[in-house]
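Residue numbers (my numbering), protein chains in the order written: chain X, 5 to 330; chain E, 818 to 1091.
Possibly wrong hints are sitting among the right ones.
Cross-link-like lysine-lysine pairs, in silico, BS3-like; alpha carbons within 30 Å at most [what the hints assert, rightly or not]:
no.	chain 1	residue 1	chain 2	residue 2
1	E	Lys857	X	Lys141
2	E	Lys924	X	Lys121
3	X	Lys137	E	Lys1086
4	X	Lys76	E	Lys924
5	X	Lys116	E	Lys857
6	E	Lys1003	E	Lys857
7	X	Lys116	X	Lys137
8	X	Lys76	E	Lys1003
9	X	Lys76	E	Lys1086
10	E	Lys1086	E	Lys857
11	E	Lys1086	X	Lys141
12	E	Lys924	X	Lys141
13	X	Lys137	X	Lys121
14	X	Lys121	E	Lys1086
Residues from chain E that keep clear of chain X, each with C-beta distances beyond 12 Å, as calculated [to be verified]:
no.	residue
15	Pro835
16	Met848
17	Ile849
18	Met858
19	Val891
20	Leu933
21	Met935
22	Gly967
23	Val974
24	Ile1015
25	Gln1037
26	Ala1077
Treat the hints as calculated values from the structure; they're not laboratory data. Using N, Cα and C, we set each Cβ at its ideal position, and we do this for glycine too.
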Amino acid sequence: MSNEWAIEAHGLVKDFGEQRAVDHVDLNVAPGIVYGVLGPNGAGKTTTIRMLATLLGIDEGEARIFGHDVVKDAHRVRQLIGVTGQYASVDETLTARENLDIFCRLQGLTGKAIRAKGDELLESFGLTDAANKPLSKFSGGMRRRLDLAASLIARPPLIFLDEPTTGLDPRTRSQMWDTIRELITAGSTVLLTTQYLDEADQLADRIAVIDTGRVVAEGTADELKALVGTSALQVTLGESDDADHASQVISSITGTDVTRSPESRRINAPLTDTGVVTDVLVALRERGIEVTELSLQKPSLDEVFLTITGHTAESTTESENEESAA
Amino acid sequence: MSAVTTATVASGFDRTLPRHVSLRQNWRDSMIMARRAIIKMRRTPEQLIDVTLQPIIFTVMFGYIFGGAISGDVQSYLPFFIPGILVQTVLTGASAAGTTLREDMDKGVFDRFKSLPMARIAPLAGALTGDLVRYLIAGTITFVMAFLMGYRPGGGVLGVAATMLLVMACGWALSWIFALVGVSMKSARGVQGIAFLILFPLTFLSSAFVPTETMPGWLQAFVKINPVTHIIKAARDLCNLGTFGADGWYALLGSAIVIAIFAPLAVRKYRTHT
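Isolated chain E, as found in the complex:
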């Protein structure tokens, strides 16, 4: 390692330096970090086991367990069930975001990210954005399984594509909750535990698997404000009818609120994390 280079380094004094990261740099750095996340994913394919195996097993398992009891037969259950399991699968994928982030942050490379004049949101936003690839895989496999089980979505190819887009966007938004857990806790194991505690009420206290009419009133109240309920209803509309209605707007609004609350908290926690 000789001749670092002969060019001289400009003096550290009297430089004109921006004091803050520009909005454009926030976007640019986040995309660079998303790129990094995708390269890492390619390098360690075992990270994709959950989003490939889970949709295969759960779609078949829940479909045949609940189908007869709830809708009389599996075939009539599928239009109700598939959008539900789709959202559940994507959110399970999102719940891993905190663990991945925690493990990543414990490595030395995060010291470099912190010492670089880069956007502070980028390491978080980048990782979460890279996860969109995982949601795409999970969603695609869910629909393939559904098709094999005999599901023919009334919304057609466009409806299915729109459903995927909506669910991926909402999954990205809700993954900020798990990102906050990831940056707040000390160990990856702890993050995983908390993530499950958040994930299960969010997905099961919704209309994902069963109609909500038989639930007690107080539970129905939670189910109604749970953004996941609206995401699932919107997904059903798009998938089965190809329409986008009030539930769709509620789903997007709920997602926006989650981002507005959890993204600043997570970034703040990350900045002060030592």
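Looking at chain X on its own, in the form it has when it is part of the complex:
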């Protein structure tokens, strides 16, 4: 296998009992980028990350991190990665300082370097004032920051972030985004999972859309957006008899495939350019097609899913137990 990918995974499979959590996942992640794994709860994102991070055995397939096999060469892989889980992997009964102290020692730091590294990380993650408080007094955002700080002690070239912003308030979320960008600037590679299309869009150079354990689409944010449009136009017609005609008209203007609700009166059209909305309205009026309702929506993960998989994200949440099983 070639020595060019930070992450190279072929046909990864993981079963939890009867249930296949990850079903032949392939991933190729170039070094120096943010790679987003986008999918709903239970899609297999966490399981995939845990296999790549040597935390979970692999049932089928193989994966390499900077050329090292995650199963046969796990100890080497662990020297190259930092992992920040969905649930903060820090010690609740210890203070922030004590946590970092122990992780620094386990990473081979000794003497004054331990204190210095702790100071540096507490400072850069805005935790200096809370350094000696027990974690039970920490907010969710502070825990997440400490968790990430602990992942960066050894300055790993590859960092796994499992839903780093889920449950964070908007301000903390944007701080987390800044931090992730800084990691890339410093030369690291980041693999992050997210449920938010917006987050993948803002951060990721490439995105894999994952659903029921399978990668259903892969590409840059722009490539994926071309599939769904940047937003969606929803038109409700006065007469369902107009539906065929209206669909044709709208499709010819937006240049995208439209979908129709079962009762045919609602037409949904992905848009790549929101400026065409007026053109659509003018064209419909010229043809005497009555419009009773019109709305413009930003594309949601649901629409990515609807377009790519043919079903909505909600219908795939059957495996809420993914985390507990993993």
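Guided by the hints, dock chain E onto chain X, whose structure is given.
Relative to chain X, chain E alone:
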């Protein structure tokens, strides 16, 4: 959280990385994890209730219950009984190792330990080593109670210190059995149940409280191979006479065998635990 740092991260390719954990790192990481266990103990003193209250209650209770019946009076029972209750108390402390480990492993922080290039034995060995503090507390309180009840060990201060060392070392060795139960089972409650089932035969099917001569032959056979019997006999020798004989060597040999069997099993179970 700005400016993570301006220094650049070296490429992940072409690094010279050790393939295995060195022997020295096994030791170093275990000591770091022992340090962690002791900090946690200090933070949650309620963890120490069993090793502080039990020796006070059990030493007095068993001493006065069995003393008259077995040795005619409490005073003549103490030289026989105190080393027995000492070993029993320390092993009860050791039996909690599995439960503590199980509860700890269910927390998120163990994901980090698993993702770090650290020795796989360290989270287990560290926790068990930290428990030596618990054994020290339990042993000290037992001897204080014994002294108050009128026990004057013939082995003197040195004999008592040597007894403590021996019992702590053997307790550490036997705690690997409970560690295996801890990493093998899914719930802390289950671990506790199994731990009791192991602890009671080990400590009661020994010469801890009563002379073994009245037991049926088959039971005596088990009592003879039970390492706990030898630990207790060795503790009596050290405490009362200040001597270290065959029982001492059997106790150490038994402990070594327990480690040789249970430590690799526990570490393997921990590595594959998902």
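Status of the hints after comparison with the structure:
1. E:Lys857 / X:Lys141: 16 Å, holds
2. E:Lys924 / X:Lys121: Roughly 25 Å between the alpha carbons, so the hint for Lys924 of chain E and Lys121 of chain X holds.
3. X:Lys137 / E:Lys1086: Outside the cut-off at roughly 35 Å; violated.
4. X:Lys76 / E:Lys924: 26 Å, holds
5. X:Lys116 / E:Lys857: 23 Å, holds
6. E:Lys1003 / E:Lys857: The hint holds at about 22 Å.
7. X:Lys116 / X:Lys137: Measuring from Cα to Cα gives roughly 22 Å; hence the hint holds.
8. X:Lys76 / E:Lys1003: OK: Lys76 of chain X and Lys1003 of chain E at ~27 Å, within 30 Å.
9. X:Lys76 / E:Lys1086: 18 Å, holds
10. E:Lys1086 / E:Lys857: The given pair, whose Cα atoms are some 24 Å apart, holds under the 30 Å limit.
11. E:Lys1086 / X:Lys141: 34 Å, violated
12. E:Lys924 / X:Lys141: 17 Å, holds
13. X:Lys137 / X:Lys121: The given pair, whose Cα atoms are some 18 Å apart, holds under the 30 Å limit.
14. X:Lys121 / E:Lys1086: 33 Å, violated
15. Pro835: Pro835 of chain E not clear of chain X: closest Cβ-Cβ about 7 Å, inside 12 Å.
16. Met848: 9 Å, violated
17. Ile849: 5 Å, violated
18. Met858: 10 Å, violated
19. Val891: Fine: 42 Å to the nearest Cβ keeps Val891 of chain E off the interface.
20. Leu933: About 5 Å separates Leu933 of chain E from the closest Cβ of chain X, which leaves it inside 12 Å; violated.
21. Met935: Violated: least Cβ distance 5 Å, not greater than 12 Å.
22. Gly967: 41 Å, holds
23. Val974: 36 Å, holds
24. Ile1015: 28 Å, holds
25. Gln1037: Gln1037 of chain E is indeed farther than 12 Å from all Cβ atoms of chain X, at 46 Å.
26. Ala1077: 24 Å, holds
This entry does not satisfy hints 3, 11, 14, 15, 16, 17, 18, 20, 21, going by the numbered hints stated previously.
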